[in-house]
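Line by line, the protein sequences give chains A and B.
The C-terminal residue of the first sequence carries number 378 in our numbering, and the numbering is unbroken.
The C-terminal residue of the second sequence carries number 378 in our numbering, and the numbering is unbroken.
No wet-lab data here; the hints were simulated from the structure.
Don't take each hint at face value.
For chains that are exact copies, the list does not tell them apart, and a pair is met inside one copy or across any two.
Cross-link-like lysine-lysine pairs, in silico, BS3-like; alpha carbons within 25 Å at most [to be verified]:
#, residue 1, residue 2
1, K79, K148
2, K267, K122
3, K79, K5
4, K148, K267
These figures come from a predicted structure and were not determined experimentally.
2 protein chains.
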Amino acid sequence: MSTLKTTPRADGFHMPAEFEHHAGCWMTWPERPDVWRENARPAQRDFAAVAMAIARFEPVTVCASREQCETARANLPSKIRVVEMSSNDAWTRDYAPTFVVDDFNHVRGVDWTFNGYGGPEKGAYWPCDLDNQIAAKILELEKIDRYKCDMVLEGGSIHVDGQGTLITTEECLLNPNRNPNLSRVDIENNLKEYLGVEKIIWLKMGVHGDEDNSGHVDDLCCFVRPGVVVLTWTDDTDDPQYDRSRDAFERLSRSHDACGRQFKIYKLYQPEPIYFSANEVCGIIVTPNAVQRQSGQRLGASYVNFYIANGGVIVPGFGDPRDRDAVATLSSLFPDREVVQLQTHEILLGIGNIHCIVMQQPLGQIGLRDITEGIKNH
Amino acid sequence: MSTLKTTPRADGFHMPAEFEHHAGCWMTWPERPDVWRENARPAQRDFAAVAMAIARFEPVTVCASREQCETARANLPSKIRVVEMSSNDAWTRDYAPTFVVDDFNHVRGVDWTFNGYGGPEKGAYWPCDLDNQIAAKILELEKIDRYKCDMVLEGGSIHVDGQGTLITTEECLLNPNRNPNLSRVDIENNLKEYLGVEKIIWLKMGVHGDEDNSGHVDDLCCFVRPGVVVLTWTDDTDDPQYDRSRDAFERLSRSHDACGRQFKIYKLYQPEPIYFSANEVCGIIVTPNAVQRQSGQRLGASYVNFYIANGGVIVPGFGDPRDRDAVATLSSLFPDREVVQLQTHEILLGIGNIHCIVMQQPLGQIGLRDITEGIKNH
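Using the sequences plus the hints, can you model the full thing?
Rendered as structure tokens:
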């Protein structure tokens, strides 16, 4: 693996949209008992279900620590690849490389800086040194060249349409717990330089209950295709989410994407509020290394946190009547994909959902180059 | 990765010779301070030199533990791939998969059982659970299908000519510390079934000083090409090695290979005896988990422990006048390869040498299948 001295934009690379074709996807096996209740066993079942659902559509690799390799292997079918890779927690979306492609379909990866969602004092857990190494490790394992960007960024805090537009939230990207020394313009410039985007749409706040992540956009709003987004929604004016979604709707309504299109916005009605139960909190051991959960704490439940796989859409379910509406809406928005809903309450308890625990790798010419040029070069 | 229920022989697979074309080679980064003196830093330098020498000829992947990934990465050039993989010690030859190929150049791997060179009581170190997982981990990482054989076998205890012949030693393969419940015939049958060989040449003892490994053949004798072997040698009748080499010479002289050829035997004169110094022993911490070294202990120094890379031969040096003779002999025996000699005293102190720390992966159709079929299957 080489670390390049240039930037993706300078080299003609950009981040493709999630709805473009994937080579496969990456996940991490959860294990820490101060985040996942009951020693992470229930969460492991939910993660395995997500891996298996995605593996119907594209290759899946699950990274597991030395201690968990055998458990992961035993709990996943053989078509899913398990590789040893250490982590601090299992939010692959947020620390995996952001893959970028050029017009010749070459693939490279951006390795951002990860600070555990806000650093040692204000983050969700600490340390995060192993998470911060994963992007480089994945790229090296796949023999993909790497760009390193010092800016703190999690993959869940951005969405792109693959045609020059990026959406994000001010709550997260402008949060002083991320890049206190960078201005909005500095951050925009980094996004343009490392993701090859031209236009950044700033939404204000993420979803209520996602304070752990400082309001990642991937719970709030995402692209279905260029010019079309879904937005988490409630009509309940007393719900703290109401103003957040309303504001996002208004900002989107008066924005145009990089190609000058107005956005078509589809609403995905959120489930009834879900709260941490005392029993659930009880199952999580308390350490100084992770934020302590509170009984009665609201969870940021959003159907927007789905994953778009090659021929499918894997969407969270919450045991709520709205589950079916979400599937119906997404089925009509993705007519060529099979919408698969999974009940993922244990992932939600970790303050995230399906999209947060996976990272797509676009289809491209890395393996082929590797095999032919790799030999030739020797 | 699938674990197949059949055997390589049944599927038309066999182990190719080391002098056939490689896709690359695998190594492990040393770290344990009860095997490698001075916290393994001097050994790491020797391992890095071996990796770099081989990387001139073929791709090299170095497996490093969570704790050592960054050190390995920092001490190796970027063309060498570093992947996280835990081990108990760094003898990749002995626990990596034995790769097998078929007539269509498909590649699969045999995962033998590894017992730390003799089990908890009589082995070189214990536990060896992580080493025993590495073959499966490498195969899974490379998406190569796996055969599992319950027989205890280390890669360093066998050599093949790729044309049906295998050489090994009775000292190792018939040692009760390996497979006490298997007869010579049982072992021969397993070798035939899992390596696709037809004829097994039994030498008696390995080299003097290699008791840790129960006399691996890869210090004693190896194939240069079909029908041609090199044998470690001394003319000193007082040296305990004399009778061992003499006996091997006689057995080889009266043997024929699987194709009916008589062996052409070239002698590689061993260096003057090398012994552990008190100072060297002092640098190794003592734990109950590894055999304790003794000052004055003879080391099994042999030029035969070289590695055949795609366009090169990487041969150990001992700071001995015979170093040059070994290079001269090997240069004439491998006229199409560059012979590179490395001073590898720190590896020798671990009771092994260059061949023991590397495992070749033959060139074959795995990556291509992976990229095209992997996608098609999803």
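Taking the hints in turn, this is what the structure says about them:
no., hint, in the structure
1, K79 <-> K148, "between (32 Å within a copy, 17 Å between copies)"
2, K267 <-> K122, "neither (32 Å within a copy, 68 Å between copies)"
3, K79 <-> K5, "between (37 Å within a copy, 16 Å between copies)"
4, K148 <-> K267, "neither (36 Å within a copy, 52 Å between copies)"
Of the hints listed earlier, those the structure fails to meet are numbers 2 and 4, in rising order.
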